[in-house]
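Enquirer: Could you build the full structure based on these sequences and the hints that come with them?
2 protein chains.
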Amino acid sequence: MADAQFDVVGVGNAIVDVIAQADNALIERLELSKGTMTLIESDEADRLYSEMGSGIETSGGSAANTLAGIASLGGRAAYIGKVRDDQLGGVFSHDIKAAGVDYRLRAATEGPTTARCLIFVTPDADRTMQTYLGVSVMLGSDDIDPEAIGNAQITYLEGYLFDREEAKEAFVKAAELAHAAGRKVALSLSDPFCVDRHRASFQHLVEGHIDILFANHDEITSLYETDSFDDAVGQLVGKVELAAVTRGAEGSVIVTSSEVVEIPAEAVEKVVDTTGAGDLYAAGVLFGLTQGYELDVAGRIGSICAGEVISHYGARPETSLAALVKEKLG
Amino acid sequence: MADAQFDVVGVGNAIVDVIAQADNALIERLELSKGTMTLIESDEADRLYSEMGSGIETSGGSAANTLAGIASLGGRAAYIGKVRDDQLGGVFSHDIKAAGVDYRLRAATEGPTTARCLIFVTPDADRTMQTYLGVSVMLGSDDIDPEAIGNAQITYLEGYLFDREEAKEAFVKAAELAHAAGRKVALSLSDPFCVDRHRASFQHLVEGHIDILFANHDEITSLYETDSFDDAVGQLVGKVELAAVTRGAEGSVIVTSSEVVEIPAEAVEKVVDTTGAGDLYAAGVLFGLTQGYELDVAGRIGSICAGEVISHYGARPETSLAALVKEKLG
Chain A
11 MADAQFDVVG VGNAIVDVIA QADNALIERL ELSKGTMTLI ESDEADRLYS EMGSGIETSG
71 GSAANTLAGI ASLGGRAAYI GKVRDDQLGG VFSHDIKAAG VDYRLRAATE GPTTARCLIF
131 VTPDADRTMQ TYLGVSVMLG SDDIDPEAIG NAQITYLEGY LFDREEAKEA FVKAAELAHA
191 AGRKVALSLS DPFCVDRHRA SFQHLVEGHI DILFANHDEI TSLYETDSFD DAVGQLVGKV
251 ELAAVTRGAE GSVIVTSSEV VEIPAEAVEK VVDTTGAGDL YAAGVLFGLT QGYELDVAGR
311 IGSICAGEVI SHYGARPETS LAALVKEKLG
Chain B
11 MADAQFDVVG VGNAIVDVIA QADNALIERL ELSKGTMTLI ESDEADRLYS EMGSGIETSG
71 GSAANTLAGI ASLGGRAAYI GKVRDDQLGG VFSHDIKAAG VDYRLRAATE GPTTARCLIF
131 VTPDADRTMQ TYLGVSVMLG SDDIDPEAIG NAQITYLEGY LFDREEAKEA FVKAAELAHA
191 AGRKVALSLS DPFCVDRHRA SFQHLVEGHI DILFANHDEI TSLYETDSFD DAVGQLVGKV
251 ELAAVTRGAE GSVIVTSSEV VEIPAEAVEK VVDTTGAGDL YAAGVLFGLT QGYELDVAGR
311 IGSICAGEVI SHYGARPETS LAALVKEKLG
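Which chain is which? The protein sequence lines are A and B, in order. For the first sequence, the working numbering assigns the number 11 to the initial residue and increments by one for each residue that follows. For the second sequence, the working numbering assigns the number 11 to the initial residue and increments by one for each residue that follows.
Derived from the structure by calculation, the hints contain no laboratory data. Hints may contain errors.
If chains are identical, the list can't say which one is meant, so a pair holds when it fits in one copy or spans any two.
Unchecked claim - Below, a list of computed lysine-lysine pairs in the BS3-like style, where the Cα atoms sit at most 27 Å apart:
| # | residue 1 | residue 2 |
| --- | --- | --- |
| 1 | Lys-44 | Lys-107 |
| 2 | Lys-338 | Lys-280 |
| 3 | Lys-338 | Lys-249 |
| 4 | Lys-280 | Lys-178 |
| 5 | Lys-44 | Lys-336 |
| 6 | Lys-336 | Lys-280 |
| 7 | Lys-44 | Lys-338 |
| 8 | Lys-107 | Lys-249 |
| 9 | Lys-336 | Lys-107 |
| 10 | Lys-178 | Lys-336 |
| 11 | Lys-107 | Lys-183 |
Expert: What follows is the structure in structure tokens.
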């Protein structure tokens, strides 16, 4: 696939994160579901924001974080996701371009505002996310750029987009375009509640359209409604070419029909904020796969990238991942 | 002055900071004046932003940072500064209230956008600031809240506001209201170039209206057009009751007509970003003075606060300064 213009093109919700420290008492008082992502409406976003501490704003969005990571690793990345022509939309567009990612969409001139995710980071470095999707979910089939999809080794789809019907159609269109061009399609399941909301659709998508699947323990057990990790992984084998499943501090496992590769987590001096850990793990694995590395090396690059992003606030790398990987892999 | 509702009320430019890492080569290529603050117009802000790396947005503004610091120390703080009813204005308003500061102004419904400061942080932790003042300088005499000024032990004025004639008038009005209520007036000189642009006005203000002056080495030598620090300090004595002058890593000196108190800088493990160092030093000193501490203790609190803010990106404290000071002073 060396003739591809891009290593990876991603499709996802274009979101600006608002990050503030919070104690567990606040999470309880606001009745938030700790450690998960909840969708909220505009009014609820305003109410929760007024209860939130002083914050920092930084570009986020699961697939966008992954693409920024791939670019930081030296990969060729493109991104499809929707913002409004407002101040936070300007921040998102700036940051993804500044990260070296080819940003394929123009800002919408009407409709809801740019999406925001209120992230409450507790002292245990866990993050509780409340997302107002705004204009990001207005992404539809027309926004899927056939030229970008056809020219990328891998098209990477963010499961969070599944929360709207038009986006599901856009997903299927992107997958079909990619396969028609002889490319691969990857999907991240994003969140156990997201999987729960759309289990049948996800199963259908995974079985019919996905070559590479990213998930964590809770997401794949939710997908196959089982308590057993091994059982869930067993059900995946044969349905996708490759599944990369993260297990937090226990590292990850990459499974194909012929191999099971266990990858340890990277040692991190102090875990500050776990936001983006899965996104950056995916960045490392996708980069590794598109560069033709063995699975254990691709997985290790994923661990290194995840280790960087959890050592500071925010879901985008703060240092050159290419340099970091070079230093760690020698 | 125990009957005051507030310890300190501040008047300043309400600004959202956009912070990105930069190397020295970028500073040179963009022809920026390293380590200083330059005023820019909207077009130039757009141009520089497009050249800037991926960033984080966080509330700033010199006096606003100081007030957030005072609130974090446990002081009673109020703030007067102008934003628009746009997304960044919402961020500023949220953050200053979330910091525990009584925010006295409503967002303007027309006029320029909320002010932005593009901050390029180089590997030496020095910051180069490019400020688009936007609606912040539309602050005029009518915005000066007599009730807040009359009910604060100290009214704190940010020198940067001097870049517009209406703001100068607002300053004088605030100083007169404070003195009429038997209160004190403090001023920070803000930037040697700012002093250079308005030397005569600053001298007039200092001599006629200011009780407490904050400055750094470059600012007071610029104010009195001398190369000698001692000469500049000598000229100040008698004109103000108290001058607190910072000297970077060499600490600070607090001077009155009867005392010269030298204060060491706080040891910091790793200096990340010096943005806000002077603002947070002022927070500590003002808090100390309003709580009736001796000058050496007030200065030490200033050093502790400055030490916290330079150990991370952004100009607002990330931890409880009250707890930090308690830990350090024992």
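Enquirer: Of the hints given before, which are not true for this structure?
Expert: Violated hints: 3, 4, 5, 7, 8, 10; rest satisfied.
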